[in-house]
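All chains, full assembly: derive it from the sequences and hints.
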Amino acid sequence: MPSASVIFLEYICPGLGVVMSGCTFAAPVKSLNEAVAKGTLGELNPTPWAFMIGNCIGWIGYSYVIQDFFVLAANVPGLFISLWLNTNAAKLLHMDTIKEANVKDYSRLEGEEKENDISGGLSSCEVDDGATQSTLTSTDEPNLRENHALNGSTSSQHEKLVFGMIAVWLLLFTVIAFADVSQHSQELVIGNAVNINLAFFLAAPLSTIFHVLRVRDSSSIHLRTMVLNTVNSTFWFLYGISLFDPFIFVSNGAGVVFGVAQVVLYAFFPHGQQGTTHRCDETAVESLSSDEALRHEGLSHSSRGMII
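Going by the numbering used here, the first residue of the sequence shown is number 1, and it counts up by one from there.
Below are the SDA-like pairs computed for lysine to any residue, each with C-alpha atoms no more than 20 Å apart in a straight line:
1. K30 / L93
2. K91 / E34
3. K91 / H158
4. K30 / L79
5. K91 / E159
6. K160 / M95
7. K91 / T40
8. K160 / L171
To be clear, the hints were calculated from the coordinates, so they are not data collected in a lab.
Given below as structure tokens:
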């Protein structure tokens with residue numbers, strides 16, 4: 001009969017990790033549903049969700065190589081959720097781009113109309129309705145084509161990232177499957193690849209940490225998210241140690257360190273409405289870091305909750 005420590009490290013920890021990974025994967029769903037209801041992506045940053053797909057695919061492939069059910073169970077739900085997140089994000093990006101282009105065109109047309117009124121004086125009143133309709137139609141037609149082209153280039157950037165991520169992993173799996181390599185080599189290739197993918201997520205908590213230290217205000221830290229991610233990473237870190245698997249315990253160990261650091265910063269630095277106002281008023285250049293912090297539910301959950 002296995003000892004209590006073996007049961008805890010090899011069954012309870014990964015079992016709880018599977019549950020908490022599912023919770024962290026699902027965390028952005030509420031924010032995206034609200035964005036869908038509003039018809040705009042708003043402050044949400046969909047880029048991490050593209051890497052979320054790659055991360056889940058990588059860990060699923062790794063679970064097949066090492067034959068680990070817990071790793072598989074932790075990432076399959078995340079793959080489906082990430083597909084849903086990216087699909088809806090692409091739709092909202094499409095809508096946001098059309099709205100932005102239409103506003104610009106409307107402002108330009110309004111300005112041109114005012115210029116015509118000033119230059120033409122009362123002569124514009126003598127133009128019949130048919131001519132006016134014809135002029136507006138001829139003016140709007142190229143604008144609609146311009147908006148369509150603009151929207152296509154903008155929304156496809158995210159879509160290309162998503163499909164590119166999937167294509168890279170499929171190519172890697174294909175090479176490994178048809179190449180004459182050992183199982184150990186397969187573990188090394190996939191394990192290193194998935195941790196490289198993960199490095200993009202580690203930049204998110206680092207950015208938040210530096211931002212808090214710079215403004216000396218912790219309003220950008222979502223405490224519930226950080227605690228959830230830190231506990232989740234702790235479970236997987238202990239599981240990785242029990243398996244002597246550096247691909248699991250190194251990445252999740254980093255997640256624990258970053259999570260604890262943010263919790264400490266949250267306790268040490270002030271937070272609240274006043275801090276938030278101070279942060280927003282400090283400088284417009286820091287908007288990207290602030291947006292990343294505000295978008296913890298799309299970024300921070302992706303960064304460690306699915307590391308497994």
